[in-house]
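J.: If you read the protein sequences in the order shown, they are chains A, B, C and D.
38 is the number of the first residue of the first sequence in my numbering; add one for each residue after it.
1335 is the number of the first residue of the second sequence in my numbering; add one for each residue after it.
387 is the number of the first residue of the third sequence in my numbering; add one for each residue after it.
22 is the number of the first residue of the fourth sequence in my numbering; add one for each residue after it.
None of these hints come from the bench; they were simulated from the model.
Treat each hint with caution, since some may be false.
As the list claims (entries may be wrong) - Derived DSS-like pairs: lysine-lysine, alpha-carbon spacing no greater than 25 angstroms straight-line:
hint: 1; chain 1: D; residue 1: 465; chain 2: C; residue 2: 563
hint: 2; chain 1: C; residue 1: 1025; chain 2: A; residue 2: 142
hint: 3; chain 1: D; residue 1: 465; chain 2: C; residue 2: 419
hint: 4; chain 1: C; residue 1: 1017; chain 2: A; residue 2: 142
hint: 5; chain 1: C; residue 1: 420; chain 2: A; residue 2: 130
hint: 6; chain 1: D; residue 1: 465; chain 2: C; residue 2: 420
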Amino acid sequence: MNVPSEHLLVLAAGLFAIGVLGFLIRRNVIIVLMCIELMLNAANLTFLAASRQHSTAQVVNLDGAVFSIFVILVAACEAAVGLALIIALFRLKQTVESDALSEMKG
Amino acid sequence: MNPQDLLHLFDARALAAVAPLLALSAGLIVLLVAGVFRSLESLRGPIMVASLLVAGWFTATNFGAPPGSVIDGTYLADRASSAWGLLFVVATLLAWLFSQHYYSEAERPFQLEHDVLMLSTPIGMTLMAGAQNLIVFFIGLEILSIPLYALASFRRSRSRSVEAGLKYFLLGAFAAAFFLYGASLLYAATGTLQLQEIAKIGIHGPLALAGVALVMASLFFKVSVFPFHLWVPDVYQGSPTPVTALMATGTKAAAFAFLLNSMFMLPKSAALLVAAIALVTMALGNLGALAQTDVKRMLAYSGVAHAGTVLLVVAGTLAGDPEANGALHAALFYMGAYVFTAAGAFGLLALLERDGERFTSLDALKGLAQRRPVIAAALTLFMLSLGGIPATGGFLGKWMVFSSLVRAGLIWPAAIGALLSVVALGYYLRVVVAMYMQPIAERDAALARGPDSSAAAAIAAAVCAVFVLAMGVLPNLFLDRLI
Amino acid sequence: MSGTWLLWFIPLLPLFGAAACGLIHFATLAARKKDPSASGPSALAPLVACGAMLGALGLSIAAFKQLAGLEVEHRVIESAVWPWIHVGSLHLDISMVVDPLSAVMLLVVTGIGFLIHVYSAGYMKGDPGYAKFFAYLNLFVFSMLMLVLSSSLIGLFVGWEGVGLCSYLLIGFWYEKGWPAEAGQKAFIFNRVGDASFLIGSFILIKLFGTLDLSDVNAAVAGVAADPSKAWWLTVAALCLFGGCTGKSAQIPLFTWLPDAMAGPTPVSALIHAATMVTAGVYLVVRLNPVFAFDPMVLTVIGTIGAFTALIGGTSAIFQRDIKKVLAYSTVSQLGYMFLGLGSGAFAAAIFHLVTHAFFKGLLFLGAGSVIHGMHDEQDMHKMGGLRRHMPKTFVTFLAGAAALSGLPLLSGYFSKDEILAHTFAHGGFYYVLWGIGLFTAAVTAFYTWRMVALTFFGKERFDHHHVHPHESPVVMWAPLAVLAVLSVFGGLLGLPPVFHVVHQLEHWLAPVTEPGRALLEAHGGVHELSHAVEWALLGLGAVIALVFAHLGFRRYVKGTESDDNVQRTQPALADFLVGAWKIDAQYYAKIVYPSKLVAFVTAVIVDQFAIDGLVNGAGGLATATGDRLKLMVDGSLKTYALWIGAGAVLLALLWMFV
Amino acid sequence: MDQLTLITFLPLVGALLVLLTPASQEKALRVIALVTTLVVAVLGVRLYLAFDGASESMQFAVDKDWFVLPSSAIAVHYKLGVDGLSILMVALTAVLMPTVILSTWGHIDKRVKEFMVWMLVMQTGMLGVFLATDLVLFYFFWEVSLIPLYFMVGIWGGERRLYATIKFFLYTMAGSLVMLVAVIALIYAFRTSDVTALLERASTLDAHKQAWLFAGFAIAFAIKVPLIPFHTWLADAHTEAPTSGSVVLAGVLLKMGTYGLLRFGIDMFPGAAIEHAPLFMALGAIGIVYGAFLAMAQTDVKRLVACSSVSHLGYVVLGLFALTRSGLSGSILQMVNHGISTGLLFLLIGMIYERRHTRALDQFGGLASTMPLFAFFFVFTVLSSAALPGLNGFVGEYLILLGAFQTSPLWAILGVLGVIFGAVYLLMATRRMLFGPVTHEENKHLSDLNVREVALMLPLVLLAVWIGVRPTPFLDQSRGSLDRLVRKIETARGAHSAALDPAPASNTEVIR
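Let the sequences and hints guide you as you build the complete structure.
T.: Shown next as structure tokens:
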């Protein structure tokens, strides 16, 4: 079975859109973080699909695949820092709602 | 990649090209190791400074040398990226010097972590500036950003610091996701992540254009132009001031370095749009700053305005600036001056904050000239440079930016930009007015002189002042060598 | 003296005198600071000032003698040239030139000036500004001599404005009282209006001839006739220069400053506002007679203005109670005569009247000063009367002056005035009207002059004997009166009318100067001779009118002031109208001064502060207000920021895809 | 070191010396500043005497490499020179400053050190503006010279000093930044920043471009002059500035605007100047009358003098844009004259303010009785300002109006009306201050001017008389340069009228 690349791209676009909307709508910072992961994975999916699309029998275009590995790595780092920050927030405010993040404005 | 290329990975030129990165990384490791031993505490500073200086020295040697590319041309150490690299080293050094004695007793035990995080940022910046490949840029971006997220909320007992860190992190990650998705679309459209390859193939079709738009959006986020700049005031204000200095100077410079490298992706017809974005950014930054009462936040807005100004060179290039390197030179000099000026300004605010957090407010600056004449004089100099008054580096930077526009025939944007800088002077002057022309508040008069200034900060401020003046009065020292 | 700097010393001596007196003044002030009663070195001032005047007078007489010794065609002495303003090819240089005209003026200015200096030494004695007064007086003489001697219109203008300045300073000499300072200011500003016109005239002359040298201009006039556009400009220039004369010589419409100028010390009124400065306009017209004679229309304008000024001045003098005001309006009126003469092309006659007027009006003012001095600064004639017994010397000399002014036969004023009227009559046409006005004014003049004499020296003593003890003035004051009285009586000999079959000395003397103008007039057909019979008739008419109205005036007022009171009661509007000089000044205030102040206020407050500055401040305010609004964009909410980022990215994508 | 560099930067050296002197040594600070400015004045006079007015070229030129603008390889030079258009202003700047410094004895008693530093820095800036013959260098000095006054007004000014100083700074800055764009455009059009070269070549640009560049320059200078309707900053700045600041502002800083109009408006773009001359003549002439009316309505005597500056500088602009020999000559001289007479007026007002701490006209009256010396100097200055022949003001105004009359009788006549109005407001102020009875008790025991005050005014008074009596040597200093400029204008006028009307009418006769 061979899923056409276009389908994968559309799926990825959908994932990205869900991620963006989730980021915009959800108030829980942890879920917002997960939405970011969703967006990153949309990018990964696109990379992999495109990587396959641009490969031929003779030359394999690995750039996209390599990029996605880096993305996964970076996503892990981000999650680590992000969660730490969320803990710091929770310690201070006993909440992880993003509304708590509007002390500074104007 | 061919197996043969692996051999080139370690030839002398390639090594020289990445030497600054290696030096910084080595310094980082040494610092970490030394940090384990309490007895070596006094060595931490010297290690930090030494690794930055060595990295700077390596960067400087890359100037005269022919461009050195690494790993199949994904990273390039040429004259431009080396110039940027020097700026990053300087920015980090200045921020670090200003951070000495900045933190409170409770935060001081974590100085090691602070220093390690800070030392890792120039690695990211340098990678960004030299990146010829979207992967390398992304890695650089994250090496820069992730430590900064942590640094922003370094004063984790203060809600503003945490808020700044989280906001920066969430929005930064959000923007990074845009970059990635944009990069993936570009890749889908062109099949390559190499900038030169993309340039050869060209940006055709909606997929590629959408990719460019998203990549640009994330870059605009990093350099903080409209409408991607809203995070800046909050994050700059909430972060520890030395970190703000680093963000304002280093991060912005690194993002611009890559923006200039990748602006070929923008359609020529976008010139006016980019100019409009830049001008709106200047307007929002300047008008917003006009409404501030806290100098730190005001400087954040001013940073937005300056980003808009630099973005003008992109518009100039797109509109057909006949000078091939016009944009690069202008951006380099402008950001060079800005690094010293903004670092100096934020650094002095950091110094003042040691009397209490309220001392970043405009009110508390009243009569500062009597209380701390040297700081007031230096801050005035920086304000004038930010305002682009001659005899300071800021002036010539502004000159070069507008030159790019004028050469490209964008006279009206240049004129509007010039008028918007008048608004900017309006708030820079307010700082000077407060310091020199308004009477000192009674409770501040009692302070007479605050605690002794830190020597490190004093040196840093002096360096900033000297460079700001030198870039304004003797620009040949810089122009002849750097460009 | 020719080609040397010696002539320069005629004006420079008084200038040095002024400087010296100024220093004396400040030395006096310094001395007084230590000891308030000390008079310091101020007693030196009159010596210095009179010495300077004597020197100038001596040099003037010497110059006059040298001039008279020259052949008629070459009667010009020119001094070394002071190069003043050199720009490109334009050279505005000044030298001192004595020719027949300036020689006459020179003698009048230095001669009468010297007498008045001497008089002032007595009159101003005891004044705290004694030395300062002489400084100003000397400075005035310097300016007046510059005016008279300059070879160039620009040099003339230096003197022209200089005399205006001194007039300003001297009118406001007693500035502590307030109103003299206001009067001085008014004089200066009215003169400035004229001067502005003068300046424009000089610009046109430069435009036409490229020079302001008076003799060059006069010589170049003839060449203009060929070019109609140039001729038009020359006419405008002449009118503009005459505009300057109306200011300086108190003609319609700028005459109202002169009556107010009486706020100054009386010697000032005599010297500046009767004998010399106010005649500068007459001098200018004669000096540039070809320019003015070039277009007959200009002369008609001058004559008309002169006649009406004579009328307004004369009638305004009738009911004045202030003795100096009578003389002031009389001066306005007599100056009108001079311009009437100029307008008739009788340049020499105008100068003749100028000279005799300097004698008798100087005399009258000094006499009035003597009266005021003797009456302890009382100027209201209604509070005088019968003074002939108390001040006989003043009385006798005053009579001589009054007789001359009113044109009683064979006195100086009689000949000079009649000559002007004769020329006007000879002109015919529209000039008959002007002649009629002149004749009427002559009647009025005789009337008010003898009213003044009667009110002052005859009738009951209406002053308060407890406070006022009239006394004769000291010798330094009455001696100049005596000299002037003699001149007033016999001054007419300078210019006897042709019917006497003697040479008109003055006309003959001035002929080289007035010739070009006469020639132009002749070319226009503007020179008319009268038959002896008509001349006799006119002389007789003049004599009769003077005698009759002098008698009327004297009769009516010799008993007292009832006649004034009658008029005041029966014709209050008329009296008011005449005393207020036809209400012209009031009109100025209502139509020009107050509206100007209003305009100034509106300009400053509404246009400038509200509109223009409002825009400037508004721009600043707008920026701040916009900033305050824009701040709301940064609302602190993560989602807003993200939304902008998302929307921005989408917008960028859309724009690049579709635009 | 060459003369021009020495004269330009000596004040800066003085400023450094002041900076190194402890703030408590007030006397030493003052003496250092005074001695520095005196030396500069001597140098200025020497320069003036050595200057050859007949020459058309830049004299005492200095030319050193400064830096190369990247990417276009435009070499910016440190280039100074003086010609007939600038020599008088240089001399005035040098000669005026000792007087200004000496006048601070009376009214600057706090933060003396800072004040002296700013004064001296300002002198360097002003001299630089007049001497720079590289466009970048000119712009450099142009903006630098703004900052000291900003501090002077802001720190040592009156009640509304902050408002005034910010307004002044931002307003002039707005003009300057517009000019910056024009400066850049001009430099890149010819790829040189050398003023002499640009003066030769700029008129080869096409008319449209010239007009725009001219406008860019002109707006900055018009604000600086200030020409109506850009004048509102001036009254506020003057009213609030300390005496010495006002003197410098009126004496020299405003002249930077008129000098700019001359050098970078008329000399640089003669074609555009001819085209826009009617507008500028109109603004100048209207400004004369408008300023006079403003002055008439003032109740604060300092503000009155400030408004009179608007009027007086209207003359200068009128004369400049008459574009005739006499108009240009007169304007150059009038720049000096205004510096002298308005400078003196501000000094005098400062002296009375030090005694009475008010400047409201109705607070005075009768001062001539209590302060005769003051009255003498005041009347003298008023007469100089009102252009009495024999004093300096007349020569300038006469030439200006004459020049204007040759070009446009209408605006000249409006200007002549200003002669009347000028007398009105000046005499009104004089009367209300000096004459009449002494109505206020405070005025009865005022001390008259002291030796220092008389001494510091004397040089200006003598200069006023000298220029009035013997103006030709002063006018001759700009002879060569103006000959050159007038030739240039005539050439451009020929081209201009040829473009407008292929067959020029014969009756457009221009005399001189």
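J.: Now tell me if each hint is right for this structure.
T.: How the hints compare with the structure:
1. D/465 / C/563: With a Cα-Cα distance of about 16 angstroms, the restraint between residue 465 of chain D and residue 563 of chain C holds, given a limit of 25 angstroms.
2. C/1025 / A/142: holds, 13 angstroms
3. D/465 / C/419: holds, 14 angstroms
4. C/1017 / A/142: With a Cα-Cα distance of about 8 angstroms, the restraint between residue 1017 of chain C and residue 142 of chain A holds, given a limit of 25 angstroms.
5. C/420 / A/130: violated, 84 angstroms
6. D/465 / C/420: holds, 17 angstroms
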